[in-house]
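Asks: Chain by chain, the residues run as shown.
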Amino acid sequence: MARKKRAAAEINSSSMADIAFLLLVFFLVTTTIANDKGLTLKLPPNPDDIEDVDVKMSERNIFKILINSSDKLLVENEPVTDVKEIREMIKAHVLNNGRDPNLSEKPEKAVVSLKANRGTSYEMFIAVYNEAQGAYYDIYAERAGVSNAKWREISSDLSNPDNKEIYTKAREGIPMAISIAEPNK
Amino acid sequence: MAKFSKKSDTSQEIPTSALPDIIFMLLFFFMVTTVMRENTINVKQQMPEGTELRKLQRKSLVSYLYMGEPKNTSLYGDEPKIQANDVFLDIKDIILWVSKEKDKLSENERDQITIAFKADKEVKMGLISDVQMKLRKANALKVMYSVRQRTDNM
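Chains as they are written, first to last, in the numbering used here: chain D, 1 to 185; chain E, 1001 to 1154.
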């Protein structure tokens, strides 16, 4: 039985790359890299559970920021036009240590009070809140001897014991006290 | 120029047999990292910008609330609305929504639930603070304002 010599059975795979490219492009287009980044905030507990206690706080310890319904700023009773000025003002306020009689007595006692109006835009509120948090992050980063960005990275991951140590050390004595008041109508 | 006219006998082709493998590698990377968006967002989302962003560590603990002007204004009006998982929520429904979201988590993680606000920058603070008040009542105290990283260095 002499058989005819057959050609080797081969699947043409040259279009494989094209098919893979097609799929690749599909996934490239549909991918939305999740960006779970933002400004963190811890809300105070349920107002019904809090007993009304009169806390006496001297006026000098409170750094007041008011935003009105047309997004104008009033910082410590002075109108401010540039949001970015707030950062240095807060830093000076927190780290005053009793030098300037108008600013805080001690970093522990310093409070930043942020009050918006119901008509304030979210954008403006975020801009101010960003600066307020940034001021505290700058202070902590400086104490920890790292950059601001590095500090934020450290403080986001406290499961690492090294980070936890740096975090508690830098925050010691300077609590981040940003109080967001109920907006008025 | 006889030196240059000399032809070499080696083949000039670049071997492309490894190309599909490389492409498949890329493909698998994107397939694994892709998160299919499970719900369509029906509100405008132009998020404000910030610089002091922090990353969330545990994505499983995050629930999203979208706030903004509805995209379909002829149907829903142009008042900012709250959206969660494909449906519009009323402010009074938020407590119920939070408890449903908490039920999805295991018991010891329930108080660590984080609510991420994906709000349009045109939204007024009145709505935001109403929502926050409900979250306080629902005992979901961790909040994150989703913002975009500001790219310029002003």
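Derived by calculation from the structure, the hints in this document are not laboratory data. Note that the structure is predicted; figures quoted are calculated from it, not measured. Possibly wrong hints are sitting among the right ones.
Only pairs whose alpha carbons sit at most 35 angstroms apart, straight line, appear in this in silico DSBU-like list of lysine-lysine [claimed, not checked]:
| hint | chain 1 | residue 1 | chain 2 | residue 2 |
| --- | --- | --- | --- | --- |
| 1 | D | K72 | E | K1055 |
| 2 | E | K1134 | D | K84 |
| 3 | E | K1124 | D | K84 |
| 4 | D | K84 | E | K1100 |
| 5 | E | K1142 | D | K106 |
| 6 | D | K64 | E | K1104 |
| 7 | D | K72 | D | K164 |
| 8 | E | K1092 | D | K91 |
| 9 | D | K42 | E | K1092 |
| 10 | E | K1081 | D | K37 |
| 11 | D | K37 | E | K1124 |
| 12 | E | K1100 | E | K1124 |
| 13 | E | K1044 | D | K64 |
| 14 | E | K1081 | D | K56 |
| 15 | D | K115 | E | K1121 |
| 16 | D | K115 | D | K150 |
Asks: So, for every hint listed, does it hold in this structure?
Replies: Results for each hint:
1. D:K72 - E:K1055: Status holds; Cα separation ~30 angstroms.
2. E:K1134 - D:K84: holds (31 angstroms)
3. E:K1124 - D:K84: holds (21 angstroms)
4. D:K84 - E:K1100: violated (40 angstroms)
5. E:K1142 - D:K106: holds (28 angstroms)
6. D:K64 - E:K1104: Not OK: K64 (chain D) and K1104 (chain E) at ~40 angstroms, beyond 35 angstroms, violated.
7. D:K72 - D:K164: Violated - the C-alpha atoms of K164 (chain D) and K72 (chain D) are around 39 angstroms apart, more than 35 angstroms.
8. E:K1092 - D:K91: At roughly 39 angstroms apart (the allowed maximum being 35 angstroms), K91 (chain D) and K1092 (chain E) break the hint.
9. D:K42 - E:K1092: holds (21 angstroms)
10. E:K1081 - D:K37: holds (22 angstroms)
11. D:K37 - E:K1124: holds (21 angstroms)
12. E:K1100 - E:K1124: holds (27 angstroms)
13. E:K1044 - D:K64: Within the cut-off at roughly 32 angstroms; holds.
14. E:K1081 - D:K56: violated (39 angstroms)
15. D:K115 - E:K1121: Distance of about 18 angstroms is within 35 angstroms: holds.
16. D:K115 - D:K150: Holds, at roughly 29 angstroms.
Consistency with the previously given hints fails for numbers 4, 6, 7, 8, 14, ordered from lowest to highest.
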